[in-house]
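Combine the two chains into a complex, taking the hints into account.
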Amino acid sequence: MSFLSYLLKGVSLGSVYAIIALGYTMVYGIAKMLNFAHGDVIMVGGYAAFTCSMTRGMAPLPSILIAMVVCTVLGIVIETIAYRPLLEAASPLAVLITAIGVSYFLQNIVLIIFGSNPKSFQSLVKIPGLKLADGALTISGETIVTILSCLIIMLILTQFISRTRMGQAMLAVSEDKGAAQLMGINVNSTIALTFAIGSGLAAIAGVLLCSAYPSLSPYTGAMPGIKAFVAAVFGGIGSIPGAFLGGILLGVIEILAKGYISTQLSDAIVFGVLIIVLLVRPTGLLGKRIQEKV
Amino acid sequence: MALLEVHDIKVYYGMIQALKGISFEVNEGEIVALIGANGAGKTTTLHTITGLLRAKSGSIHFDGKDITKTPAHHVVGMGMAHVPEGRRVFANMTVLQNLKMGAFTRRDKDEIMDTLETVYHRFPRLKERQGQIAGTLSGGEQQMLAMGRALMSRPRLILMDEPSMGLSPIFVNEIFDIIQKVSDSGTTVLLVEQNARKALSIADRAYVLETGTISMSGRAADLLNDEAVQKAYLGE
Numbered sequence: 001m002s003f004l005s006y007l008l009k010g011v012s013l014g015s016v017y018a019i020i021a022l023g024y025t026m027v028y029g030i031a032k033m034l035n036f037a038h039g040d041v042i043m044v045g046g047y048a049a050f051t052c053s054m055t056r057g058m059a060p061l062p063s064i065l066i067a068m069v070v071c072t073v074l075g076i077v078i079e080t081i082a083y084r085p086l087l088e089a090a091s092p093l094a095v096l097i098t099a100i101g102v103s104y105f106l107q108n109i110v111l112i113i114f115g116s117n118p119k120s121f122q123s124l125v126k127i128p129g130l131k132l133a134d135g136a137l138t139i140s141g142e143t144i145v146t147i148l149s150c151l152i153i154m155l156i157l158t159q160f161i162s163r164t165r166m167g168q169a170m171l172a173v174s175e176d177k178g179a180a181q182l183m184g185i186n187v188n189s190t191i192a193l194t195f196a197i198g199s200g201l202a203a204i205a206g207v208l209l210c211s212a213y214p215s216l217s218p219y220t221g222a223m224p225g226i227k228a229f230v231a232a233v234f235g236g237i238g239s240i241p242g243a244f245l246g247g248i249l250l251g252v253i254e255i256l257a258k259g260y261i262s263t264q265l266s267d268a269i270v271f272g273v274l275i276i277v278l279l280v281r282p283t284g285l286l287g288k289r290i291q292e293k294v
Numbered sequence: 001m002a003l004l005e006v007h008d009i010k011v012y013y014g015m016i017q018a019l020k021g022i023s024f025e026v027n028e029g030e031i032v033a034l035i036g037a038n039g040a041g042k043t044t045t046l047h048t049i050t051g052l053l054r055a056k057s058g059s060i061h062f063d064g065k066d067i068t069k070t071p072a073h074h075v076v077g078m079g080m081a082h083v084p085e086g087r088r089v090f091a092n093m094t095v096l097q098n099l100k101m102g103a104f105t106r107r108d109k110d111e112i113m114d115t116l117e118t119v120y121h122r123f124p125r126l127k128e129r130q131g132q133i134a135g136t137l138s139g140g141e142q143q144m145l146a147m148g149r150a151l152m153s154r155p156r157l158i159l160m161d162e163p164s165m166g167l168s169p170i171f172v173n174e175i176f177d178i179i180q181k182v183s184d185s186g187t188t189v190l191l192v193e194q195n196a197r198k199a200l201s202i203a204d205r206a207y208v209l210e211t212g213t214i215s216m217s218g219r220a221a222d223l224l225n226d227e228a229v230q231k232a233y234l235g236e
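Taken in sequence, the protein lines are chains R and X.
Quick note on this note's numbering: the first sequence kicks off at 1 and runs consecutively.
Quick note on this note's numbering: the second sequence kicks off at 1 and runs consecutively.
Just chain X, same shape as in the assembly (with noise of 0.2 Å):
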């Protein structure tokens, strides 16, 4: 059985489907990317997975739970975090709040400050700037914050929206670095990116989102290979 199976949800803004229909799964220890354009319903599924949206017909399992009416903030404390897109970290509070904040859930203060120095050793310049006001932060040391923040739930599943997106180059290839750290230290991740090719790269398995639909899905390295891939979401 899958960690994650998305069954055949739809989901609405008003009256435009957003979601036609979209089914796939997640399995433990892998890395799944969703490519597409931009509004092809990337965010909107990623949003529908945590409870920020609601959809409006079809299931959502995660670990075999059926968490497809489950309200967002029930959804951490069960093992699955998100990362969303314009990395959203509290600006006006220290890097430190941020990563307690994302620890919320968690009632085990010794073992909190254990993964903080996990989150620490992974990501060093947010201890050297631990005391820094977030919103101070360069846009990739904000999305590293916004992924240390994920990581203090210690989820085995950690959704990630858009992370290189607006980023210099440098940070860029960084990002990606820490994505693969992150899932060769056992956790799951499912990833959305426009990077198509950054993300085919480092993803085991890949579907294809085309206006609220998916068009194709497969082991990322073939879809790299794949011409109608390479036309449309690799620029060659």
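Here chain R stands alone, though its shape is the one from the complex (with noise of 0.2 Å):
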């Protein structure tokens, strides 16, 4: 039994990467940039929720949906003062040192707000665990509301996408800007909602990891960010059914390496398959291999 609960544990965690994964993905697809940032801004939703709930004593959905309005904004911010001026005029390395820039500037932000101490975050799942086979197999509310939630992100955000006006703008301006824009596509506005989506979804990325994983300081975003980048990275960065399954599979591998070989060398093995997968499949299991025809 203890495998399946491995397994559940590595599904709920790859869940978490999925959905950060998304951000990173989406950004990229759309706007080509690496946004490095988007690891900060999990953390600051994790403490928008957190002074919602904990300091100022609010239920959870309604702390989660502020958080959720606090990284919106946020990702909207960050995207038209410090990327927009950026992304036509200089070199993709110019946008890639401004994103860690950002990086560093939200931390310390958070860091003068809130110190450095890590606040112990009480998780905002409310629902009971569940107890299977008599109790060999003990699966909490986190994990189902993780696994949950990742699956109705998937599930709207490929509707919204196929389905709607802008997810077409989207489809569109991540293939060939200029030609959305003789489409009548404004481009810069469809960036801007791909940084929003991305930085809402961060936000819940942020409440249930640090519902997991209660501890919440101004760092707390770097690790699970370079991870769900990873995890972009390993399903096929631009894809999103690629963000969904590197993420799952990230969760799995580390959670698995974690539980039968070594917690110390866990990470050392999620990177090593990162690598091996990259040897043999250069953009990604899933990402479009480039073939232009002319």
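Mixed in with the good hints there might be a few duds.
List time: in silico SDA-like cross-link candidates among lysine to any residue, alpha-carbon distance up to 25 Å [claimed, not checked]:
(1) R:Lys288 with X:Ile133
(2) R:Lys177 with X:Ser183
(3) R:Lys177 with X:Met78
(4) X:Lys109 with R:Ser162
(5) R:Lys258 with R:Lys288
(6) R:Lys177 with X:Lys69
(7) R:Lys177 with R:Gly167
(8) R:Lys177 with X:His74
Covered stretches of chain X (chain R as the covering partner; in silico rule of three or more C-beta atoms under 8 Å from a C-beta of chain R) [what the hints assert, rightly or not]:
(9) 66-74
(10) 79-93
(11) 116-125
Between beta-carbon pairs, the in silico distance windows are [stated by the list, open to error]:
(12) X:Thr213 with R:Leu279: 50 to 56 Å
(13) R:Phe3 with X:Asp108: 53 to 59 Å
(14) R:Ser116 with X:Met15: 47 to 53 Å
(15) R:Ile156 with X:Met15: 47 to 53 Å
(16) R:Leu148 with X:Gly166: 48 to 54 Å
(17) R:Lys288 with X:Tyr13: 28 to 34 Å
(18) X:Thr213 with R:Pro85: 31 to 37 Å
(19) R:Arg84 with X:Gly14: 19 to 25 Å
The hints are simulated quantities; they were obtained by calculation from the structure and are not laboratory data.
Computed from a prediction, not measured in an experiment: that's the story for all the values here.
C-beta atoms are modelled at their ideal positions from N, C-alpha and C, and glycine is treated no differently.
This is the structure in structure tokens:
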């Protein structure tokens, strides 16, 4: 039974990675940039939810909603102030360095406001866990909610992209910005929308992450951010199903490695698997092979 | 008043001046050709008209409205469609999705379906392949898709940038036939072409671009018989 419980824990952690990876992959697909501050948006979401629920005593759902609003606005502000002036004019390297700068900026702002001591985050998941097979297998409420959230988000997001005007605009911009403009699509607002969605999802990821691993510090977002980035590359950056698959696989590999091999080595194993996958498939598991017809 | 009036536009790429003040006009119902060698500024001119590039000075009026500073994504809705050089179809979308993208600014759902039928009537091959991924079409089919996509916005003026580039002679003839038919159905056409002979044979009027300036203009039939034009652009 321990394998099953490891597996569920892995899928649950992987679901969080997947939700974060969606933000990376969508922004990359549409703005062709790596937003390395994305992990820190998760952390801001965690602090926003913490402030609402633990400091102000609000109920879980409103706390999560406020955290989402905070992160959505933050995402749009970051895009407009820090990235937009650079996206057209500057080199991709300048955008990348700016993203790293934004990441440190967010960490330090939170450090000033909340201090460096980790906060103890009380889970916002209030549903009870399940005990199966006479208590041999327990599934926590957090695990259930996390996996379900990830599935629902994937479902809504794919429907949004395939069925709505804005979703189609996002697809068009991801393929060819210039041609998209000629269709009448406002590229800047489409990019801003992508940041808004990615950041809103980051807030959910932040709350789920802190509910399962209840220590919240200004650096909480850094490692999950990097892992989710790895998950996005693993699955094929730019691909939404790829982010999902990459996230889940990464979470499962990490937890199984922790459980059966070594806790200390688990991260090395995760990154080792990434290296092997990229050697065999440089565009990731579901990434598009570049193929152009003249 | 002409449908499109371009007045003394100057365009720079950084320090390099690409257009040195060109003026021309396109009247309702005409086919106007812009011909010239590689690097003369033909594509730059079209990009400036639709707002993908900004003119440093000069003005562009469409249907009497000043569109010099109008962003590209607003221009389509005003009735001007641009078929870009190299087709630029959305390679990972299906033919039908591409066509629907062409109607992005329109909100009249039922009439969009009518336009789709009209486009399919003009390009039966697109209907046959409506579920196919656009990137797998041949060059000529992609050109048809790019034109059909532009027509989906029901433009009054359609700008076409090198529609015959890289196509086999059979497709070239077919594309020019279609341009003629699009014009016959009442859409005004501004055509940029390196295939000057073909362009002049269907155009009403033409302008010759040479390193950022207009060196000659007149009735297409006259230019076709002009000795200097023949020497420089018709390979005679």
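Status of each hint after checking the structure:
Restraint check for Lys288 of chain R and Ile133 of chain X: satisfied, since their Cα atoms lie roughly 14 Å apart, inside the 25 Å limit. Distance hint between Lys177 of chain R and Ser183 of chain X is unfulfilled; the C-alpha atoms sit about 28 Å from each other, more than 25 Å. Using a Cα cut-off of 25 Å, the hinted pair Lys177 of chain R and Met78 of chain X holds, with the two alpha carbons roughly 20 Å apart. With a CA separation close to 17 Å, the supplied pair Lys109 of chain X and Ser162 of chain R stays within the 25 Å bound.
Distance check on the hinted pair: Lys258 of chain R and Lys288 of chain R sit about 32 Å apart at the alpha-carbon level, beyond 25 Å; violated. Of the supplied pair hints, the one linking Lys177 of chain R and Lys69 of chain X holds, its CA atoms being roughly 19 Å apart against a limit of 25 Å. For the proposed pair Lys177 of chain R and Gly167 of chain R, the alpha carbon gap of about 14 Å is at most 25 Å, so the pair holds. Using a Cα cut-off of 25 Å, the hinted pair Lys177 of chain R and His74 of chain X holds, with the two alpha carbons roughly 15 Å apart.
Interface restraint, the stretch 66-74 of chain X with chain R: holds (4 residues with C-beta to C-beta distance below 8 Å; minimum three). Coverage of a stretch by a chain is defined here by at least three residues with a beta carbon nearer than 8 Å to that chain's beta carbons; for the stretch 79-93 of chain X and chain R the count is 9, and the condition holds. Under the rule that three or more residues need a Cβ within less than 8 Å of chain R, the assignment of the stretch 116-125 of chain X is violated, with 0 such residues. For the pair Thr213 of chain X and Leu279 of chain R, the supplied restraint of 50 to 56 Å holds, since their beta-carbon distance comes to about 54 Å.
For Phe3 of chain R paired with Asp108 of chain X, a C-beta distance near 58 Å keeps the hint of 53 to 59 Å intact. With their beta carbons about 50 Å apart, Ser116 of chain R and Met15 of chain X fall inside the hinted range of 47 to 53 Å. At about 49 Å, the CB distance of Ile156 of chain R to Met15 of chain X agrees with the hint of 47 to 53 Å. Evaluation of the 48 to 54 Å hint for Leu148 of chain R and Gly166 of chain X yields a pass: the beta carbon distance comes to about 51 Å.
For Lys288 of chain R and Tyr13 of chain X, the Cβ-Cβ distance of about 31 Å falls inside the hinted range of 28 to 34 Å, so the restraint holds. Under the hint 31 to 37 Å, the C-beta atoms of Thr213 of chain X and Pro85 of chain R, about 34 Å apart, fit the expected range. Checking the proposed 19 to 25 Å range against Arg84 of chain R and Gly14 of chain X shows it holds: the Cβ atoms sit about 21 Å from each other.
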